[in-house]
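Place chain B on chain A using the hints.
Residue numbers (the working numbering), protein chains in the order written: chain A, 7 to 116; chain B, 97 to 209.
To be clear, the hints were calculated from the coordinates, so they are not data collected in a lab.
Fair warning: this is a prediction, and the values are worked out from it, not measured in the lab.
Where hints are given, some of them may not hold.
[Said to hold, decoys possible] In silico DSSO-like pairs for lysine-lysine, Cα to Cα no more than 27 angstroms straight-line:
| id | chain 1 | residue 1 | chain 2 | residue 2 |
| --- | --- | --- | --- | --- |
| 1 | A | Lys-63 | A | Lys-108 |
| 2 | B | Lys-174 | A | Lys-108 |
| 3 | A | Lys-65 | B | Lys-174 |
| 4 | A | Lys-69 | A | Lys-48 |
| 5 | A | Lys-108 | A | Lys-48 |
| 6 | B | Lys-164 | A | Lys-69 |
| 7 | A | Lys-74 | A | Lys-48 |
| 8 | A | Lys-108 | A | Lys-75 |
| 9 | A | Lys-74 | B | Lys-174 |
| 10 | A | Lys-48 | A | Lys-85 |
| 11 | B | Lys-174 | B | Lys-120 |
| 12 | B | Lys-174 | B | Lys-164 |
[Claimed, not checked] Here are some chain A residues pointing at chain B (derived, C-beta under 10 angstroms):
| id | residue |
| --- | --- |
| 13 | Lys-48 |
| 14 | Pro-50 |
| 15 | Glu-51 |
| 16 | Phe-52 |
| 17 | Gly-60 |
| 18 | His-97 |
| 19 | Phe-106 |
| 20 | Lys-108 |
[As the list claims (entries may be wrong)] Cβ-to-Cβ under 10 angstroms is the rule here; a few derived chain A residues that face chain B:
| id | residue |
| --- | --- |
| 21 | Gln-44 |
| 22 | Gly-49 |
| 23 | Phe-78 |
| 24 | His-80 |
| 25 | Leu-93 |
| 26 | Ala-95 |
| 27 | Ala-103 |
| 28 | Leu-104 |
| 29 | Ile-105 |
Backbone N, C-alpha and C fix where the C-beta goes; we use that ideal spot for every residue, glycine too.
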Amino acid sequence: EDQVTQSPEALRLQEGESSSLNCSYTVSGLRGLFWYRQDPGKGPEFLFTLYSAGEEKEKERLKATLTKKESFLHITAPKPEDSATYLCAVHNQAGTALIFGKGTTLSVSS
Amino acid sequence: DAGVIQSPRHEVTEMGQEVTLRCKPISGHNSLFWYRQTMMRGLELLIYFNNNVPIDDSGMPEDRFSAKMPNASFSTLKIQPSEPRDSAVYFCASSLGYQETQYFGPGTRLLVL
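Just chain A, same shape as in the assembly (with noise of 0.2 angstroms):
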């Protein structure tokens, strides 16, 4: 069964404090990986795609990495702005749904 695992559920830092949020996913053939970002009381809004081992994305303070079996999203100096649910979510090959995991909720203090 495809599955998504994202850890920590919970990550709270210091303002320009890095660290990386973990997913971990198991898939019958990836069609593609995608990170969302969803403020409170809002819908996921997207971030990246990725679609191969080794490819790697980056927006500003966030960059997403893939391996063959997890993708890790790399906080570089974080601001409190960047306080948010992070949300992994994969496409199998057939592509039948998009499988999200429970996200990382993060709290940027100052």
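This is chain B only, laid out in the frame that chain A set:
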């Protein structure tokens, strides 16, 4: 572009009542998805349409749930009769193709008393 539009943003109803949620996808997108989000189960796909045709409704919990897409710019998700366990946030998303990046609306927060 205005993005995916959903209405209402909040809905409070009593058990047994009919609830209709509405969605307008991004213009030009031909795939539309309905999701439900709860603390316990996270985001779950209920149904998706491609070119206005329902492709996969295996996530629809039971016959009380139905969805339609009469044209490329409008979709509804109906719950009849509603039950307290239906309380959740319902999201609509759209994409250029069913395996392309999905863009989400702001959601409808449903509370069934």
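*Does Lys-108/A pair with Lys-48/A here, judged by a C-alpha cut-off of 27 angstroms?*
16 angstroms, holds
*asked:* Hinted pair, alpha-carbon criterion (27 angstroms max): Lys-174/B, Lys-164/B. Please report holds or violated.
replied: Holds, at roughly 9 angstroms.
*Double-check Lys-108/A for me: the hint is only fine if its C-beta lies closer than 10 angstroms to a C-beta in chain B.*
5 angstroms, holds
*Is the interface hint for Phe-52/A satisfied, with its Cβ closer than 10 angstroms to some Cβ of chain B?*
6 angstroms, holds
_Using the nearest Cβ pair, does Leu-93/A come within less than 10 angstroms of chain B?_
7 angstroms, holds
*asked:* Hint check: Lys-164/B vs Lys-69/A, CA-CA at most 27 angstroms. Holds or violated?
replied: Violated, at about 38 angstroms.
*27 angstroms limit on alpha-carbon distance, applied to hinted pair Lys-63/A and Lys-108/A*: 22 angstroms, holds
_Status of the hint placing Pro-50/A at chain B (closest C-beta pair under 10 angstroms)_ = 5 angstroms, holds
*asked:* Tell me if the interface restraint on Gly-60/A is satisfied: Cβ within less than 10 angstroms of some Cβ in chain B.
replied: Gly-60/A check fails; min Cβ-Cβ to chain B is 20 angstroms, beyond 10 angstroms.
*Proposed interface contact between Glu-51/A and chain B, which counts if any beta carbon pair is under 10 angstroms*: 7 angstroms, holds
*Compare the distance between the alpha carbons of Lys-108/A and Lys-75/A with 27 angstroms, and conclude whether the hinted pair is satisfied.*
Measuring from Cα to Cα gives roughly 17 angstroms; hence the hint holds.
*asked:* Does Lys-108/A sit within 27 angstroms of Lys-174/B, going by the straight-line distance between their CA atoms?
replied: Judged against 27 angstroms, a Cα distance of about 26 angstroms means the pair holds.
Of the numbered hints stated above, those contradicted by the structure are hints 3, 6, 7, 9, 17, 23 and 24, listed in ascending order.
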